[in-house]
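So the protein lines, in turn, are chains D and G.
Residue 300 in our numbering sits at position 300 of the first sequence; the count goes up by one each step and never skips.
Residue 1107 in our numbering sits at position 107 of the second sequence; the count goes up by one each step and never skips.
Errors might be hidden in some of the hints.
Stretch by stretch, here's where chain D covers chain G in the computed footprint (C-beta under 8 Å, at least three residues) [to be verified]:
| # | segment |
| --- | --- |
| 1 | 1055-1066 |
| 2 | 1081-1094 |
| 3 | 1133-1143 |
In case anyone wonders, no lab produced these hints; they're calculated from the structure.
Keep in mind the model is a prediction, meaning the values are calculated, not measured.
The C-beta atom is built at its ideal place from N, Cα and C for all residues, glycine as well.
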Amino acid sequence: MPAEPMRLLVPGIVAALLFALPAASDEYDDFEEGFGEDDDFSVELEEELGPADGEPEAPRWWDLDGSVAIGSSVNFLPHDSATGTNYTGLSRLRTRLNLELEVDLPYEWKLRVDPYIWYDFSYLINGRSRYTSQVLDEYEWEGDFQDSWVQGPLAENVDLKVGRQVVNWGRSDSLRVLDVLNPLDNRTPGRADIEDLRWAVGMAKLDWYIGSEWTVTAIAIPEIRVDTLPAFGNDFNPSPFPGFPGSKPNSFENWEAAAAITGIFEGWDVSVNFAYVFEDIPRLQRVAGTSDPCPEQGSFIEVYDRLTLAGAGANYIFGSWLLKAEGAWTGGFEFTCADGKKSRIDVMGGIEYYGFQDTTLVLEVSERHILGYDQVVFGFPTFERQDSVTYAFRYTADWLNARLSTTLLAIIFGWKAQDGAILRLQGNYAIRDGLVLTLGVLLFEEGDLPPLDQWGRNDQVFLDLKWSF
Amino acid sequence: MNRILGIALAALLAPTSAAATDAETAAPLTGRQIMDLVDERDDGDKSVQDMQMVLIDKRGGQRKRMLHSLRMDDGEDTRSIMFFVEPADVKDTGFLTYDYDDIDRDDDQWLFLPALKKTKRIASGDKSGSFMGSDFTYADMTDRNLDHYDYKLVKEMEVDGAAVWVVEAIPNTKKEIDETGYTRQLIFVRKDNHVVVRSKSWLKKGGRTKFFEVKKLEQIDGIWTPTEMHMKTKKGKKTLHKTVLRSQNVKYGQDMDEDTFSVRQLEKGL
């Protein structure tokens, strides 16, 4: 070997050995290093557990949990509602108490009662006289029961659950195709995945389990509840006029019904769903005798159409992916200025990805197609296109060992986003066990159609503190 | 069973018998043979227990999770269901898993979210994520395939007075590295009962290492059961986070069947 290369090679080998030796030592020589208590991380556990094989404490036959929360929202863009109320600044300062009582009954039956009450101080602070009576009725305080039911087995493979409850058939987290049994609290749009979004409804639900894979469900719904929409005078209500007369169908005089067959299999599941329900949003119907076929303003009453839904949904997983789909035909719609009943096809496709550590990505797309569409439906007061496309994108991630979780949710309306968008970004930080601070921002992008064409300045930041006990 | 058990929860949930050991056999065992012994343990069936998970941050702040857990073998597969008992804001959250032995089958997992009154099916391809915010990952909880690793016996030593083999495990597929997040592990196996009592794992990301230790090991119903385990995540010599996992009220051979591990039960809760 020539001298020059040798001169370079020998120091290279020596250097390589020098660098390699510590690595080898780190790999195999000190097997104790890193184990045991660290000087900088010695922690006294706050309590001792009982013996590993001890007798468990006798379970209590009742359990009372709950939460206390205070939440505020501040609108940071100057704007007024359609009635002229200034909604800039503090728009929510709500204190809320939730209780959850669960009682074990004989024969494996269970009782649950979830009362809640909240009061919003922002109206007192801003001056109650600024607001319409409808706004004060809907937003100043509320007390009611959410889940309140008894549940238990009628036979080995038959369960009955009677009372106010939520039945969520949908595969989608953000878009509704099959999720039609519980109306929504939409008084502050954009909080579409927050707990208590759905109103629990009084119903009797019977589940018959056939083998380990199939479930047949029959539901009778005597309590009629409908969506709660932005009240007249609120900045999310675009109308400068009070609502029209009319009321939702009376409970117990009008029943809803539903049924489903669900199969759960390795890697996938499927359901077929049927519902005979009232629409959750009222339609304006001309009062009899009105001659103008479709007045810009006229005599209307609010009515809720009877709808019949037949649909199906499915999930399929492979690797880190979850595919989901929903589809439904719904008949019985009427539109204010159009003749006859219409029907509608709704489809939803979605994909979830779990391949990034502590992160979930969700993309959902829905298409709503009105059959027998009449162009007049696009005008006042319905403003509906024949085809309505909605996208929902969600990103959630955990940080700091799940002490902090962040969510980005974007709901975009229209094939080319021409009908507006709602964007929510929030972070939840666990200050300590059961105590969670939430900070977020809710943004609205104006669209071509009501009501989103008037929400462009309703952007708000929100800060919530919740203690669960 | 051609698998190794995940070293953390699986070690807790699938304990070993105190059967005769090969500790004193004359012929030295290979790394693979040692892991076969770990794999072949009698892993107790139809178990129920309460678990306390203490999450400790670098400032010493502690967060606690209490879980009630049930587990059952289904042939070569495993079914488990867990419910959160504490803290109150996640109480009644349930987690149902069908862990399939066949690596070509994706595990089935469902999450019940009581706040939304909804059961969500979730995909399980990536197991490197944190289990409920702890230093344990989903990969630590579930069984892993022996054939996806190359093993080498690197040392024999004592840990807390017990003789152990130290086996190096290197994943031999990129997919395994991607799914578990580990590039290499040192596994400390007790010679007398084949319990994994320690491990050191190198993470793919961030130059981090994780140290697992069984702090308490008890015989319950004749089965060796780790009842306190520590897992800490370090970067260099600095500890970033630590999790203590303790169990109590451990019972085996309890009355349960496949209906116990169903979406129906998940939604009904404890």
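To see whether the hints hold, each was checked on the structure:
Interface restraint, the segment 1055-1066 of chain G with chain D: holds (9 residues with C-beta to C-beta distance below 8 Å; minimum three). Coverage of the segment 1081-1094 of chain G by chain D holds. Counting CB-CB distances below 8 Å, 5 residues qualify, and the rule asks for three or more. For a cut-off of 8 Å, the count of residues in the segment 1133-1143 of chain G with a CB near a CB of chain D stands at 3, and the three-residue condition holds.
Hint check: no violations occur; every hint is consistent with the structure.
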